[in-house]
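Engineer: Sequences and hints are given; from them, build the entire structure.
So the protein lines, in turn, are chains X and P.
Position 47 (the first sequence) corresponds to 47 in the working numbering; numbering is contiguous.
Position 228 (the second sequence) corresponds to 228 in the working numbering; numbering is contiguous.
According to the in silico footprint, chain X covers these stretches of chain P (three or more CB under 8 Å from chain X):
1) 66 to 75
2) 138 to 146
3) 163 to 169
4) 222 to 230
Derived coverage of chain P by chain X (criterion: at least 3 residues anywhere in the stretch with Cβ under 8 Å from a Cβ of chain X; other residues may be distant):
5) 103 to 115
6) 152 to 159
FYI, nobody ran anything at the bench for these hints, they're computed from the structure.
From the three backbone atoms N, C-alpha and C, an ideal C-beta is built for every residue, glycine too.
Single-letter residue listing:
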Amino acid sequence: MAEAQAPILQERDWRRPGVLAAFAFLGALVLVGLGAAWHMEHNGHWVTGMTNQVVWGMPHVFAVFLIVAASGALNVASMGSVFGRTLYKPFAPLSTLLALALLAGGLAVLVLDLGRPDRLAVAMLHYNFKSIFAWNIFLYTGFFALGLWYLWWQMDRNRFARSGRLGLAAFLWRLVLTTGTGSIFGFLAAREAYNAAILAPLFIALSLAFGTAFFLLVLMGSVRRANQEVYDRLRPLLGLFVAVALYFVAVQHLTNLYMAGREGVERFLLIEGGVYPWLFWLGAVGLGGVLPLILLFHSTFVRRGHLALASALVLLGGLAQIYVIIIGGQAYPLNLFPGMAVASSFGDGQVAAYAPSAPEFLLGLGGVALALAIVLAGQAVLRLLPPSEPKS
Amino acid sequence: MTGLSRRGLLLGGAALSLVLAPGLTLIAQARPAGRPASAAQRWGLLIDTAKCTADCTACVSACKTEMGLPDHGRPATDAQYLRKVSVGNPANGVERSVPVMCQHCAKPPCVDVCPTGASMKRADGVVLVDRHICIGCRYCMMACPYKARSFAHEAQSGQRPHNPRGKGTVEGCTLCVHRIDADRLPACVEACRAQGKGAMLFGDLHDPQSEIARALAAQPATRLRADLGLDPALRYRGI
Numbered sequence: 001m002a003e004a005q006a007p008i009l010q011e012r013d014w015r016r017p018g019v020l021a022a023f024a025f026l027g028a029l030v031l032v033g034l035g036a037a038w039h040m041e042h043n044g045h046w047v048t049g050m051t052n053q054v055v056w057g058m059p060h061v062f063a064v065f066l067i068v069a070a071s072g073a074l075n076v077a078s079m080g081s082v083f084g085r086t087l088y089k090p091f092a093p094l095s096t097l098l099a100l101a102l103l104a105g106g107l108a109v110l111v112l113d114l115g116r117p118d119r120l121a122v123a124m125l126h127y128n129f130k131s132i133f134a135w136n137i138f139l140y141t142g143f144f145a146l147g148l149w150y151l152w153w154q155m156d157r158n159r160f161a162r163s164g165r166l167g168l169a170a171f172l173w174r175l176v177l178t179t180g181t182g183s184i185f186g187f188l189a190a191r192e193a194y195n196a197a198i199l200a201p202l203f204i205a206l207s208l209a210f211g212t213a214f215f216l217l218v219l220m221g222s223v224r225r226a227n228q229e230v231y232d233r234l235r236p237l238l239g240l241f242v243a244v245a246l247y248f249v250a251v252q253h254l255t256n257l258y259m260a261g262r263e264g265v266e267r268f269l270l271i272e273g274g275v276y277p278w279l280f281w282l283g284a285v286g287l288g289g290v291l292p293l294i295l296l297f298h299s300t301f302v303r304r305g306h307l308a309l310a311s312a313l314v315l316l317g318g319l320a321q322i323y324v325i326i327i328g329g330q331a332y333p334l335n336l337f338p339g340m341a342v343a344s345s346f347g348d349g350q351v352a353a354y355a356p357s358a359p360e361f362l363l364g365l366g367g368v369a370l371a372l373a374i375v376l377a378g379q380a381v382l383r384l385l386p387p388s389e390p391k392s
Numbered sequence: 001m002t003g004l005s006r007r008g009l010l011l012g013g014a015a016l017s018l019v020l021a022p023g024l025t026l027i028a029q030a031r032p033a034g035r036p037a038s039a040a041q042r043w044g045l046l047i048d049t050a051k052c053t054a055d056c057t058a059c060v061s062a063c064k065t066e067m068g069l070p071d072h073g074r075p076a077t078d079a080q081y082l083r084k085v086s087v088g089n090p091a092n093g094v095e096r097s098v099p100v101m102c103q104h105c106a107k108p109p110c111v112d113v114c115p116t117g118a119s120m121k122r123a124d125g126v127v128l129v130d131r132h133i134c135i136g137c138r139y140c141m142m143a144c145p146y147k148a149r150s151f152a153h154e155a156q157s158g159q160r161p162h163n164p165r166g167k168g169t170v171e172g173c174t175l176c177v178h179r180i181d182a183d184r185l186p187a188c189v190e191a192c193r194a195q196g197k198g199a200m201l202f203g204d205l206h207d208p209q210s211e212i213a214r215a216l217a218a219q220p221a222t223r224l225r226a227d228l229g230l231d232p233a234l235r236y237r238g239i
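Structural biologist: Quick look at the structure:
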């Protein structure tokens, strides 16, 4: 058999105190998140920071962040299956599990922030096929189905050699999936901060960076001494993804800056908008872009701790980036009367105030915890971790 | 009977029909019970902002009363189906007070984006939310360029039978379909006639004989954000 052999993988011993403690901690965070969702649903959304002006708040920031990261978390599996890099094949099941878990965490937050989460079945039975949300319902469920199938074949010795085609399908599917997520905003003609086709490729670029960063951190937390070559290869790749994401962000803003009618929203997001320029320049560009690039490419920073720090910064900066896109884009007033000075009792012409409430933040954090708990549970029951390398 | 010439009778009849025609047209085109809404009609509003004064909020109050919208003292989350927007031209200092509500677009983006089809357009052009299948995703609120929709942020009480509201669902101006279907004017239009200066004209845009259609034919009006190509059923003069 010239076919590739399935790598030898192992499960994680869930009886170890560290793993049990992690389970307990993540479980507690999930429960707190559920409690926060119950609080919001029971009282109604007026107890959150969300309003008729900022209709999508912190839960959407976390949900979109996790869903975008889910798509990119499949990178390592794709490089093994689609691009034939055998180095990554032992890490492909973990990469796939992480992708599925992040998607589950993100969708849980999204659904629990609905005004009527009890009507989820309605969303499954009534479709408006012109709605990008409706497309996304199929894209998300399809990704679950394809991802689980792909994971099974990766771990089944009899089917491993044929898992490449599934990997290609999953790779293409997630590109479409992230295009769908970006298009939720990109196809909104009403809002000046969005309404740009570039949001789809921008979201794909962000997904590659977030997903790789998430994978690196999960790998470091899961395998004591993973193959150093994987870290050495993923380090510049993460840097490349961060640079590409910055490039798309720059082009998006330059496009708006060039259009005379969009100068106001750019001035708001980049200079005068209070918390949003700070989050953009300091959070997304500085801590989430430039600093990780230095940590990833400068010869001084070669240790694994530096890679972990760079990955964590990419994620935190990414969260800031999504916050600026989603909240900042809504905080800037709609332009009903171009060129006129407007005011009303409904916030017309005014920048909308938004401060995330604790329940919103806790629901989002619960989604992250759910994703990590799924990863941990998967590691405990499935043989998908490469064994630790001997100490050199 | 010598004082009434044939010519005078004809002129008088013509004048009387001009006065009564709008009302008769509305009644003639209103929907009998049991017959579905028809695309032969398109209900619309023409708002003359020159007749609308900033201190008059009769339409807003009437809307709140008609639709059962309580004031919770939380302006950021309280529902507003209709609001008065102060619009000032920085070039010449001219200010107008403009009633803004759902524009009942012919190509409504809220209907396009709604995942379940809860946001829908009736055959006669009225854009509504089916609150039985609204899941409260608020995507329609993101998509509406007119900020016309509100989210029911709290449990509801004291609801009006014709406007059932539900916590966690999205709502907005219905153009008072319950009134239109019963041959009555929308509450805001009625209030504007009674208490204001009659700045709002309601009628069937598809009927060339309707008062609104003739008024629009006589003098052009503008659509809000006409550049978006959504073809709203609300037209404005004076902005």
